[in-house]
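Asks: As a plain string of letters, each chain reads:
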Amino acid sequence: MEEKNTNPRRKFLDTGLKAGLLTAIGAAAAKAAMNIDKAYSAEEETIELMTPGGTLVEVPVSQVEEIPELKDGDYKVREGFPNRKFVMVVDLARCKNAKKCITACNKTHFITGENAWLKVYKMQESEKSAPYWQPTMCMHCDKPPCVKVCPVDATFKRQDGLVLIDNERCIGCRFCMAACPYSTRVFNWEEPKQGEMTEIYLQMEEMEHMGHEMHSPDYAGLPSLKGTVDKCDFCPHMIDQEELPHCVTACPNGVFFFGDAYEDTVTNGDETFRLSKLLEEKAGYRLLENLGTEPSVYYLPPSDRLVNFEEGLENYTEYESVEKPETPENTEEL
Amino acid sequence: MKDLNNLIQDLAPKKFTVLGKVWTGFLILVIIAALVCYYFQLRDGLIITEMRDYALWGVYISNFVFFVAISLVGSLMTAILRLSGANWSTPLTRISEIIAVAAIIMAGLTIIIDMGRPDRILYLFTHGRLQSPIIWDVVVISTYLVISLLLLYYPLLPDFAILKRYFSKNGTASKWYGKLSLNWSGTEQQNKLYNKSIRILSIMIIPVAFGIHTVTAWLFATTYRPGWDSTNFGPYFIAGAFVAGAGAVITIMFFLRKSHGLENYITDAHFDKMGKLLVLLCLLYLYFNVNEYLVPAYKMTVEEGVHLNELFLGQYAALFYLVIVGGLIVPIIVLLSPKGRKPFPVFIMGMIVVLGAWWKRYLIVTPTLLHPFLPIQGVPESWHHYYPSTMEWIITFGTLAGALLIITILVRYVPIIPIHETAEEMGIAETEKN
Ligand code: SF4
Ligand code: SF4
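Sequence order for the protein chains is R and H.
Following the UniProt record's numbering, the numbering of the first sequence begins with 1 at its first residue and continues without gaps.
Following the UniProt record's numbering, the numbering of the second sequence begins with 1 at its first residue and continues without gaps.
I should point out that these hints are in silico values taken from the structure, not numbers from a laboratory.
Don't take each hint at face value.
[Claimed, not checked] Label-pair restraints from in silico Cβ distances:
#	chain 1	residue 1	chain 2	residue 2	range
1	R	Tyr319	H	Ile329	35 to 41 Å
2	R	Lys143	H	Ile32	43 to 49 Å
3	H	Ser174	R	Glu190	33 to 39 Å
4	H	Asn291	R	Ala93	43 to 49 Å
5	H	Phe40	R	Pro82	57 to 63 Å
6	R	Gly254	H	Ile32	16 to 22 Å
7	H	Asp44	R	Asn308	42 to 48 Å
Note that the Cβ used here is the ideal one computed from N, Cα and C, for glycine as well.
Please work from the sequences and hints to get the whole structure.
Replies: Below, the structure written as structure tokens:
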């Protein structure tokens, strides 16, 4: 199981450049777009950029400044990336319950047990309205009830909008799980059987090279800890490598869009949108808005559906919608 | 002095009878079984319980809330009745204080049992953040424990001095009681200090006792959950706690009266009065119950509707009606008639009230968790329900046995009925002037 090969790897950097997702480049691009003089020769390599106004321009590579790394030397896990506000948009019109997001998420985070960080719900508002599939993950609320109730500051919120868990701090009281209205937190009820340990350690070594510590909130699930809480973390370790979160790249239908609210841009790897325009045009909304938790995940209503609800039913088994990652036990059984 | 000697004779702690030994042995056995199960829980994790990601709290937390409720009685009997000048409650004050101390100790332990990482308990103090209701609970429970211990210990000082003299033939016992009495000699100054301290403690414990139970209610009410999202929760919990505590006092005083032959001190009149008090408290609690269920049931919003339907008609219905009718309405009816307030019926009612109170806590904790905002989907069938596993039960019984063992041991070594105070009230207190 070599995760890197099986997972299509779309470079966040590429998309990032295209989307102007990275502030520095965005600014540079704007400058470049304005200053384009006729001086550059036709041979010079050019690159497509999106200006903050939303138009694509082609500029010579030499005009683009290299951005400093997202995470510079004094990056603090608890403070997060400066000047970011990560958001996700989920287009319900495209979801056909393919569940590739779940598989990718479970696999890359070594999630064991019967639960998952990402769930796809079969929803139907009322008997007369049409059913639809609704993926949910941690909403990374701006007013997170889970953070309010945590007695030891194990769950915390960073300046970039991510709500993360410090598994070395968590005392396992599960109050945050009771408080989360989206039921997205999961508990390690027993010692997690996280597949081939060597693989986890390989990954961890790689992480350590990049300055991650063991059990870093920055890379939840690697490895999970008995008696503590886990949940979706928006893959900061991927953002850090300038790639998109695993669910975004894994979805064959392009349901998930990830981006930065300050940049006002979201992308699913293939398409890029202005966040504000997208939400306005497609009537984006958030779940349980009335509770005042201010989630960072937006949904586009399941109108004008590209896919039939029935198609997803083939993948639906009420009690095991969660595909387990490989563990020594169940690989032996095969 | 003759009367006083008789009094001391009657009230001084007595050695265990055979029955007492069997009882203590039984409690210790239950506790050992619970410790073994807890060892498994430490080793394998909370997987040995039936709790899962949806029913993430279960019988442990219900049990915790129950203990907190029971402990409230200490302040009811000693503080409220004492301050209101209800002298009839004097023989019951020590019993209630003992119950309060035992319950609050076990409440603290129960919380640790429920933790996924008990090894990190100290983080609560080193990394505690005041914004979390759990920290409020930690603060208020420890305060309550300290005040309760003082309120148990202070009135014991003169009694210990009496016992020191009483056991003068038994060297070790006399020595211990002497030490514990902190050289109490009954001088005027000591008496003044003593009365003043008890008064201050009695006043102090009331807000703390209300605080502890309100905070425990807030633990639930501060979350976004249908069924817990209620402004009624604080008073509702306090009323329920008084009911449970009064029930516990009645039950235990009945046993002690039987086992220690205290018919002259804990009289039928006491049962009559406790019966009346219990009716009053049950009525009050019933009133809060109506508030708690009628308002959301009238509106039946989607989320509350799912929750209430399960309680009224669904899988929790049987338990729900058993608790409301059996644990509240029947006791009210029985205790309203004078015949129902004879010791035995009062005892039976007290016991079912305590049992009802225990299950009521279970009904507050479990069903709400199983009715979240987003439907429970994609998890194994067994996660949709919760019923405690055998190990969970054993550990829970272990904590209950622990509370009873603390009570048993205290009852073995301290006078169940305050000797000094009783003597004072009977006008036969020794007037010692040094
Ligand atoms: S969705 Fe739940 S776990 Fe995530 S931030 Fe909001 S309250 Fe916390
Ligand atoms: S379970 Fe852990 S993260 Fe959740 S509230 Fe308790 S200590 Fe905080």
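Asks: If a hint holds in the structure, say so; if it doesn't, say that too.
Replies: Structure-based check of each hint:
At roughly 40 Å, the beta-carbon separation of Tyr319/R and Ile329/H lies within the given 35 to 41 Å, and the hint holds. Distance hint check: the CB atoms of Lys143/R and Ile32/H are about 47 Å apart, consistent with the given range 43 to 49 Å. Taking 33 to 39 Å as the suggested C-beta distance range, the pair Ser174/H and Glu190/R does not conform, at roughly 54 Å. Judged by the Cβ atoms, the range 43 to 49 Å given for Asn291/H and Ala93/R holds: they are separated by roughly 44 Å.
Between Phe40/H and Pro82/R the beta carbon distance is about 47 Å. The supplied range of 57 to 63 Å is therefore violated. Taking 16 to 22 Å as the suggested C-beta distance range, the pair Gly254/R and Ile32/H does not conform, at roughly 60 Å. Checked against the hint of 42 to 48 Å, the C-beta distance between Asp44/H and Asn308/R comes to roughly 45 Å, which is consistent with it.
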